[in-house]
Structures are given as C-alpha cells and as structure tokens.
Amino acid sequence: MSLDDLNADVRTIYGDLGESLAIDLDRETRNELAMLLAAGGGDPDELVRRAIHSLYRSTVDTGDLDFYLRQGYDVTYDEYLSGMTYDEMGSGGSQVDRDDDRRYQQ
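Numbering follows our numbering, in which position 75 of the sequence shown is assigned residue number 75; successive positions increment by one, without gaps.
Treat the hints as calculated values from the structure; they're not laboratory data.
Possibly wrong hints are sitting among the right ones.
Said to hold, decoys possible - Derived Cβ-Cβ restraints for the label pairs, each shown as a range:
#, residue 1, residue 2, range
1, GLU32, THR59, 15 to 25 Å
2, ASP74, SER20, 32 to 42 Å
3, ASP26, TYR86, 25 to 35 Å
4, SER2, ALA39, 43 to 53 Å
5, SER2, GLU28, 17 to 27 Å
6, MET35, ASP4, 37 to 47 Å
7, MET89, THR12, 34 to 44 Å
8, ARG30, LEU81, 14 to 24 Å
Every residue, glycine too, gets a C-beta built ideally from N, C-alpha and C.
Generate coordinates for the entire structure from the input sequences, incorporating the hints supplied.
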C-alpha cells in the first residue's frame, strides 16, 4: 500500500460515512455516556464528536496513528499531511512543517 492508497481510502470512507452516523451502544458505553452527560450536561451527539476528537488527538500524540499507517500503508501521518513520502522529500521536495498544530490545518 502507498500514500496514494491511503488518500483514496480516506476519501472513500469519508464519503461512505455521510453526514450522520447511527451507532448502537452497549450497556457499558451507554452508562458512561449517561454519566458524562449527567456531570457536564450537553448534547449526546456533541459529546460523541468531542470524544472522537480526543481519541484522534491521543492516537496522533502517542504515535499510534503513525504505527498503524506504517503497517497498513508504509507512510506516516506527516507524510500524509505533506502529500509526499520522506523519500520524495529528500529528492528535492519541499520541507515538511513538523509543528503539531499543522495537523489540523488541511
């Protein structure tokens, strides 16, 4: 697999997800969601969106995303963001901005 394969898969999955996502909750997840809503109030949908953002950020920060991407596509998240592999960067490509805040500026 390659960077092009990853880009194609992300676009396909993004389209397949659509605008909303219906999920079934198991008993433990339902209880945890209820506790979080009781403690902090708010909208369940918004809480789930925030949870996904939190899990995503944690996966990026711990390097787990790079690990999974390297296994499945032989690229890193930085390579995905820059649109080129490190090999391509070393052969005259532009320098990658390694600032973590860049990860959300697509």
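Quiz prompt | Violated constraints from the hint list, given by number and in increasing order | solution = 3, 5, 7, 8
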